[in-house]
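Asker: For reference, the chains in residue letters:
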Amino acid sequence: MISIRWFLTLTLIALLVLVSFLSSLRGYRESMAEAETLFDLQLLEHVKLLGLLNPASFLFGNTLVIADSVISTPAELELSLQLLVVYQIFDNQGKLVIRSENSPTQNMAVFEPGYHHAEFNGYSWRALVAQDPGDGHWIMAAQRNDVRYRLAETVTLQAVLPGVIGVPIAGVLIWWIVGLGLRPIQTLAASVRAREEGDLKAVELDDVPRELTPLTLSTNDLLTRLAMAFDREKRFAADAAHELRTPISVLKVQLHNLLHDLNTRQLPEPVLQPARLSLQELGDGIDRLAHLIEQILVLNRTAPAQYMRQFVPVDLLELVQHVVSNEFDHFLSRDQIFSLDGLPVTIAGDKTALQSLVQNLLINASKYTPVGGQINVAIGREGNKVVLQLEDSGPGIPEAQYEQVFDRFYRLSDEQHDVAVSGSGLGLAIVKHIVNMHEAEIRLSRSPSLGGLCVKVMFKQYPQEKSV
Amino acid sequence: MIDAVVIVLREVLEAMLVCCVLLASSYALGAKRTWLLPVTLAAVGGALLYATNLATLTALFDGRGQELTNVLLLVLTGASLLFYLLQLPAMLHNKRTLGKKEAPVTSTLYAVLIIASAAAMVRELAEIFIYVFSYGIASGQAVPVVSGAVIGAGVGVSLGIFIFFGLLWLGKRRCLQMSALLLGLISAGMLSQATRFLVQSGFLPGEHILWDSGWLISESSLPGELLHALLGYDATPGIEQLTVYVVSLAFAMLLLRKLMARQGTDGDALRQ
Amino acid sequence: MTIFGIKSLRYCVRMIRLLSRLLTPTALRYYLSVILVVAANQSSAADEPLTITLRIKDHLFVPAELTAPANTRFRLLIINEDITAEEFESAALNREKVIMGNSEGVIFLGPLSPGEYSFFGEFNPRTAQGRLIVNGPQS
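Residue numbers (my numbering), protein chains in the order written: chain V, 1 to 468; chain Y, 1 to 272; chain A, 1 to 139.
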């Protein structure tokens with residue numbers, strides 16, 4: 001949608017322009033009509049004065065030509081010449097008796113009383129023709145149309161111009177005022193936007209205009225409910241995980257006891273063998289359960305500031321090598337080619353968390369890469385960042401889902417991702433959580449060399465290495 | 001001053017109508033609005049070039065260069081508007097199949113938008129420049145002509161703004177239909193005007209004019225000018241003009257019909 | 001919006017049928033004449049049609065009254081002697097053309113029925129006015 005500011009500014013200016021310009025035009029038209037009447041009246045006055053002359057007394061055979069600028073002083077000459085009324089007086093036979101210097105020798109307009117349009121001397125004229133009711137002689141007086149028009153317009157424009165000049169100024173003011181009026185919205189938006197992640201305190205209600213109060217109130221209401229929901233969720237997960245720890249420990253102990261008990265009994269090997277195998281698998285299951293619960297606890301660990309204080313220098317290469325050696329069975333069992341290359345680099349972090357991060361990423365890569373596929377891990381530097389990069393030859397993740405895969409319990413389900421592959425949907429959520437705790441960045445893309453997913457984690461350099 | 005208002009208003013109205021309807025229509029499709037600014041700047045440049053070289057242009061082709069340029073610009077506008085209408089149903093379809101995030105507006109469509117509005121603006125702006133510079137300022141009437149031009153342009157642009165927001169106010173679905181209808185009418189008017197220029201320059205034989213409705217709606221009156229800008233109204237059309245008008249309008253209506261059929265099936269693509 | 005529904009489809013079909021009449025022999029003969037006229041325009045200047053000259057001077061048309069024969073195609077040569085531009089415009093003749101200062105332009109007119117056709121200068125509509133009087137028998 002178009003911004004409110006633009007909408008208001010444009011429509012208000014348009015409205016202002018339409019109203020003011022159209023009213024100016026109307027004023028202009030009326031003033032011009034008035035001026036026309038005034039000039040016509042001037043012509044009429046002229047004809048009236050000329051009516052005082054009796055053409056009969058001027059009949060000398062020749063036409064009397066009267067100079068136009070008889071009374072003018074030189075300074076006024078130009079204006080008077082322009083405003084000039086030229087005239088002709090004919091007797092009742094239509095013979096030209098008297099004419100002013102600038103008038104033509106032919107009749108200027110038709111012999112018909114009234115106002116006429118005429119063209120002579122290379123100009124267009126407004127002519128008034130009148131007939132003496134007594135002896136029927138004709139009087140014609142004319143004024144230049146262009147001069148009449150220009151003079152009238154000069155006067156009228158003085159009234160119109162301020163409006164034309166004023167509109168742009170008003171436009172700028174409207175833009176500014178609309179911006180001023182909309183500022184509380186921006187302030188509100190900024191105050192909501194500026195808060196830290198996880199800060200769900202209510203928005204300050206001071207100075208909020210009446211129109212925005214409902215929005216602010218409902219936002220605060222929403223925030224409160226959200227905070228409560230978050231709190232509940234977090235507490236539930238943490239409590240549940242914590243509560244599950246004890247029974248699992250008990251299970252482990254009992255399993256150990258059972259195994260011990262089984263070993264001390266003198267049972268024949270064919271009986272012992274399957275029982276041991278079942279117990280072994282039971283043990284693995286319990287271990288996975290314990291691991292999952294530890295991960296849930298890691299995810300719900302709060303107070304990152306406190307957490308970061310216990311960071312120690314960690315050699316990333318060494319850490320990755322360690323994790324790989326622990327998980328190497330995974331790759332072997334799926335016949336996958338694994339390569340690791342890079343130099344020892346130090347970052348600041350929590351060793352257990354980082355191990356969990358690398359482990360999750362590696363297991364993920366192994367899980368979704370087909371049997372016989374390839375996984376490359378590289379450690380290096382990019383600018384002042386330490387980069388851990390994992391590429392695989394699996395199906396990858398559609399670009400649209402890059403954001404969603406970090407959600408808790410989100411699992412890809414399409415034809416390329418086998419739902420049967422076991423997993424809790426927590427792996428990448430934990431990765432993201434650990435990445436955030438280390439103020440690092442994680443990026444997903446398509447691997448250019450292997451075609452599968454490429455995960456890139458960019459850590460901050462270890463503070464002491466900056467000088468190197 | 002009033003002449004300046006009338007002349008400039010007519011030209012601005014014609015250009016604004018094309019631009020604003022295209023802007024609203026493409027906006028309803030999900031296009032950016034930024035294409036208009038560079039087009040305007042380019043059109044100002046083009047119009048200046050056209051206006052300053054008009055005397056030379058007129059002398060070309062036995063004194064028929066001006067008409068031919070006008071024909072070129074009018075056909076360019078009219079044809080690209082029709083092409084735009086032709087593209088609309090496919091765009092709607094894309095919008096549905098590709099989803100909201102994929103921009104359905106292809107570069108071809110942007111090119112059509114740019115050509116149509118630029119050609120319309122060059123023609124109308126050139127007339128304004130000629131009037132203001134070659135007539136108004138050259139005859140020493142700068143103040144009345146310029147202030148009249150400002151008033152005319154102000155009124156024209158304001159009407160354009162209202163047309164734009166009015167179309168948007170209809171909602172995306174109706175906006176597309178209404179603007180398609182308007183664009184069809186405008187393009188038919190433009191193509192019929194182009195035909196008139198061909199007759200004027202002697203490339204087509206001038207037949208007797210079909211009728212004179214000047215007594216009813218004069219072309220130089222305000223309603224006449226509005227109708228001229230909107231429907232290509234001509235008080236005294238020739239047979240060629242009418243034929244071209246009817247053919248292109250029928251074509252445009254066919255395209256509109258297709259658009260609405262598409263909207264029927266892809267209705268929810270626009271119900272957002 | 002039923003206006004644009006089935007009705008418009010029928011309308012279009014009817015329109016297309018109407019347009020198909022544009023392909024009748026009479027119409028084809030007309031197209032031939034169009035082509036011939038276009039061709040004639042490209043050919044020699046010998047068969048150039050009648051030219052009538054109109055001048056623009058001091059924002060006025062000289063002469064303000066032109067005469068032309070009826071039912072004939074002719075050229076109107078407009079010579080602008082002012083330094084300012086002018087636009088020749090006529091609603092009755094259905095013509096408009098900008099004539100720049102100190103230059104000239106050509107307009108093709110006709111065939112016209114006898115009668116009076118007014119024209120004016122768009123830039124000086126009050127003063128620059130003229131009439132074209134077409135004499136001759138009604139065709």
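It is worth saying that the hints were derived from the structure and are not from the lab.
Predicted model, so just to flag it, every value in this text is computed and none were measured.
All residues carry an ideal CB built from backbone N, CA and C; glycine is no exception.
Keep in mind that a hint or two might mislead.
Said to hold, decoys possible - Here are the in silico distance ranges between beta carbons for each label pair:
1. Y:T52 with V:I177: 25 to 31 Å
2. Y:L37 with V:G27: 31 to 37 Å
3. Y:L37 with V:I165: 21 to 27 Å
Unchecked claim - Part of the chain A face toward chain V, derived, beta carbon under 8 Å:
4. K57
5. D58
6. L66
7. T67
8. P125
9. R126
Asker: Flag every earlier hint the structure violates by its number, smallest first.
Answerer: 1, 6, 7, 8
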